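Student: Chains as they are written, first to last, in the numbering used here: chain V, 5 to 792; chain C, 201 to 388.
Careful: at least some of the hints might be erroneous.
As the list claims (entries may be wrong) - As a list, the in silico SDA-like pairs of lysine to any residue whose alpha-carbon atoms are at most 25 angstroms apart: (1) V:349 to V:497; (2) C:330 to V:716; (3) C:330 to V:662; (4) C:297 to V:757; (5) C:297 to V:754; (6) C:297 to V:717; (7) C:330 to C:257; (8) C:330 to V:740; (9) C:297 to V:658; (10) C:297 to V:662; (11) C:330 to C:312; (12) C:297 to V:750; (13) C:330 to V:730; (14) V:349 to V:658; (15) V:688 to V:615; (16) C:330 to V:743; (17) C:330 to V:726; (18) C:297 to V:688; (19) C:330 to V:732; (20) C:330 to V:717; (21) C:330 to V:722; (22) C:330 to V:446.
To be verified - Computed footprint of chain C on chain V, listed as stretches where at least three residues anywhere in the stretch have a Cβ under 8 angstroms from a Cβ of chain C: (23) 525-531; (24) 650-656; (25) 663-675.
As the list claims (entries may be wrong) - Some, not all, of what chain C presents toward chain V, calculated at C-beta under 8 angstroms: (26) 257; (27) 274; (28) 330; (29) 364; (30) 367; (31) 380; (32) 381.
Calculated directly from the structure, the hints in this document are not laboratory data. These figures come from a predicted structure and were not determined experimentally. Glycine residues also receive a C-beta, built at the ideal position from the N, C-alpha and C atoms.
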Amino acid sequence: MLLALVVAHLALACALPAVAARSTRAAFGLAAVPPAVTLAWALAMTPQVLGGRAVTQSVAWAPALHLYLDVRLDALALVMIVLVSGLGAVILVYSAFYFGRRSADASRTSALLVFFAGAMLGLVVADDLLTLYVFWELTSIASFLLVGQSGLHRANRRAAVQALLVTVFGGLSMLLGFVLVGESAGTYRIAEIVAAPPTGGAVTAGIVLILLGALTKSAQAPFHPWLPAAMAAPTPVSGYLHAASMVKAGVFLVARLSPAFAACAEWWLPLVVLGLATMLAGGWRALGATDLKRLLAFGTVSQLGFLMVLFAVGGRLAAVAGAALLLAHGLFKATLFLVVGTVDKVTGTRECGSLSGLGRAMPGLAAASVLAAAPGAGTPPLLGFVAKEAAFEAFLLEDGARGWIVLAGLVVGSIFTVAYSARFLWGAFATKPGIELSVPRRASPGLTVPLWITSLAGLVLGLIAPLVAPLIEAYGDGLPSRDAEEAGYHLALWHGWNLALALSGVALLGGLLLHAGRRRVEALTRALHHPVTAQRGYELVVSGLERVAVLVTGRLQAGSLPFYLAAVLLMVLALPGVGLVMGWAWPSDAPVVHQWMQIPLGIVVVAAALALVRAHRRFTAVLLVGAVGYGIGGLFIVDGAPDLALAQFLVETLAVVAFVFVLRRLPAHFTERRRPRRSVQVRKGVLASVAGITVALFGLVLSGARTAPATASDEFVRLAPEAGATNVISAILVDFRALDTVGEITVLLVAAAGTASLVLATRYDRRRKGRVTRSGSGTPEHEKEVLG
Amino acid sequence: MTATPEARVPWDRWDAPAEDWMLSGECPIGTERTLLLELAARILFPTVLVFSLYLLLVGHYGPGGGFSGGLVAGLAFVLRHIAGGRSEGPEIGARVKVRPPVLVGLGLGIAVVTALVPAAFGAPVLSSAKFAFDVPLLGHIEIVTSLALDVGVYLLIVGVVLDLLRSLGSGIERDAREAAAANAGEAA
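Taking the hints into account, I'd like the entire structure generated from these sequences.
Tutor: Right under this line is the structure:
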């Protein structure tokens, strides 16, 4: 059922463009169906999952390679499905009204969004590291296409490429990490790895590589700039991918593997340090942002850092707090993004400095926003408050140096969170003196109902915290507790007067104070804006790579044929040549001659080769090359290989013809005016002779390197009649080694296409509908472009 | 010079040659022609093609196969091209006009399909089956499915050789002619 749901998403994505051509609203509506069905099904499965029986499914992908598509629905996956599918359905409905009826982007966006929902669903339920990796990269690709949109705008293209480069870089290193961990554990099943975590040096390296993947995907410092840049995407896309679901993938991966590795310092230390740094830096940058969407993006970065810290330490209570915050953050951040989308839609701007008085004009929207922003700030009685309480409590109970440092970081981070939440509400809805009052257009219900659903969900989940607690706590219960107090902690709105509540109060008050002094804070963020930012670092790395590529290409692609040939020959001498010397074994049974016909043929070949070196005219040289080839074909016949000889003669003939064709355009002599310098000639001669002798020695030594009798050849001869051929060569070519044949003819195709492209590069001959277009050097448009 | 495929041939003219037996009087290239070579190419061309088919089919039992067969067929086209090929490039007869890249792709397509078909029947990719049946007059015939792979190779090789003629043969010829024309223009 689980895999069927994933496939249903992907299949619908293929069909949607056809629907969107008729009606974009119908397309988005249809797209919301699979996520909604998934959510309903997952919620129906909740009792079973909480009962300890996870829903699993396994499909053999390539059993010979031990590749399986394993999926598993457990408590953590359920929490993520609420975000991925629940929010997905809501946002898709919202998109139906956000994108206009005639929007050119709607068709592509609807298909990509449902494709992304399917990939993300696959990611959160994957129980196999490689399955997880496949879906992980699919989400990166979906994000690239969704951010890039039509590709018409430079900002979109740059943001899309940056997101792709950063996340795929992390994804690839994560794949390496998966392989290291999987091979050490002897299994790629996540459940089995968590049950018996592997150890060793390879695992340590693997962990670091996996963390790189998680940190890049979840936009942790110093990889975070791609996330604010990705805000170039349409707002519903940003709200879904870059706030609620995709950026949570890294956090999710940490949560998945924390039960296995949380005890290793190389696991939690980088996560906690970078997570805290991200939380503080993101919160600080949000305080200086004036674009509402950018403000939210930095807020997301900050909250992702918070989540990272909670999941990295691997205690029960921290994990419970993390799961609760995961849910709360997804709900409130998605709501706020939808609010920004609606504000943008009805006023045409999302700059703090241009909006004024919107709270009076649209009280409903403002109320929903307050309801959404409050949990982020940690105000009771919402889910965010419950989560934050648990988080403070977790590090209070830890009672060590790490606990206190993290706690201090979290409190400061929470102050920032409160401050930027307040800043968001102020920026969007406050009446600001000196700014013209915004006059919004009427918002259709489609633009407001969805965000009410998500903001009310946050409220209801907070009020009924004890009811949803089992689901959220089920994940944490799999992790060790420090003491009985931690084991007995349950999510609730009221825990009595304690230190955690006091800290929540500190955060709330501090944040509001910070907001009150916003002018000074804004000035400070500008003053502290350091030129060495992470974005600058990314740009330097990319441009540095390009410069290195130009340098290497410029050195290696010198445009000189002798240079290329020398490079190839030197590599042959350096790598296989060294191997030849190392594994020297002279064949014991290599007679010099065993057929008298070999002597005259050998003389012909050697004589032609020697004459070839002395030839001055190209045409002579070509004929001598042909003579060498025919001589070798003759040797094949003498040795009793008619198939080989036939192919050799035919290829040799064709080669001579091809040479002659080309010779028409080349000078008759190799050297036109004066002889090249003696030293150059000597160098070339030495290299050529050494390479030639080495290749000849290869043939001899390799024939003597056999360590066991050739069993395969006998098998081929025995089985040939079964393959329907009495000619064993043919049986090998089209049956036993048919894959090689297919590969070789593919190479031929590439070579033919390459030759034709090179020779006809300046041509533009195309027959279209019987008409022949012809020109000297390309299309007329191309010529115009070249000539300027 | 040649009848276009669309042109209707009256029923009483069906046996008229579809194209000229030898090149027409005006020679497109302006180089010298050898009548002997042209005639030899005309006579040899169909024979060599038939021989190439023989090589293709006999490959299972003796020297030959798709690769050799394809090369022999390709060399037949080379011979025709040298004897007085069209400057536009080689064509497979006047009636059927197939562009070489299409032939190359077709060959690889046939090979890949042959490789994948067994998978549809649950057998490993690229495995082959043998069909034997009796045909009146011809007697007992055995056909191995891997012959289709050989046919794919044959077509691809023919396509590659034709592509070579198109690029290195006619392509270079045209370049040379145009360069000469440009030089003449400059001189004038």
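Student: Determine for every hint whether it applies to the structure shown.
Tutor: Checked hints:
no.: 1; hint: V:349 to V:497; verdict: violated, 36 angstroms
no.: 2; hint: C:330 to V:716; verdict: holds, 23 angstroms
no.: 3; hint: C:330 to V:662; verdict: violated, 39 angstroms
no.: 4; hint: C:297 to V:757; verdict: holds, 19 angstroms
no.: 5; hint: C:297 to V:754; verdict: holds, 22 angstroms
no.: 6; hint: C:297 to V:717; verdict: violated, 44 angstroms
no.: 7; hint: C:330 to C:257; verdict: holds, 15 angstroms
no.: 8; hint: C:330 to V:740; verdict: holds, 15 angstroms
no.: 9; hint: C:297 to V:658; verdict: holds, 23 angstroms
no.: 10; hint: C:297 to V:662; verdict: holds, 23 angstroms
no.: 11; hint: C:330 to C:312; verdict: holds, 19 angstroms
no.: 12; hint: C:297 to V:750; verdict: holds, 24 angstroms
no.: 13; hint: C:330 to V:730; verdict: holds, 13 angstroms
no.: 14; hint: V:349 to V:658; verdict: violated, 68 angstroms
no.: 15; hint: V:688 to V:615; verdict: holds, 17 angstroms
no.: 16; hint: C:330 to V:743; verdict: holds, 19 angstroms
no.: 17; hint: C:330 to V:726; verdict: holds, 9 angstroms
no.: 18; hint: C:297 to V:688; verdict: violated, 47 angstroms
no.: 19; hint: C:330 to V:732; verdict: holds, 16 angstroms
no.: 20; hint: C:330 to V:717; verdict: holds, 22 angstroms
no.: 21; hint: C:330 to V:722; verdict: holds, 17 angstroms
no.: 22; hint: C:330 to V:446; verdict: violated, 74 angstroms
no.: 23; hint: 525-531; verdict: violated (count 0)
no.: 24; hint: 650-656; verdict: holds (count 4)
no.: 25; hint: 663-675; verdict: holds (count 4)
no.: 26; hint: 257; verdict: violated, 11 angstroms
no.: 27; hint: 274; verdict: holds, 7 angstroms
no.: 28; hint: 330; verdict: holds, 5 angstroms
no.: 29; hint: 364; verdict: holds, 6 angstroms
no.: 30; hint: 367; verdict: holds, 4 angstroms
no.: 31; hint: 380; verdict: violated, 12 angstroms
no.: 32; hint: 381; verdict: violated, 10 angstroms
Hint compliance for this structure: hints 1, 3, 6, 14, 18, 22, 23, 26, 31, 32 are broken, all remaining hints hold.
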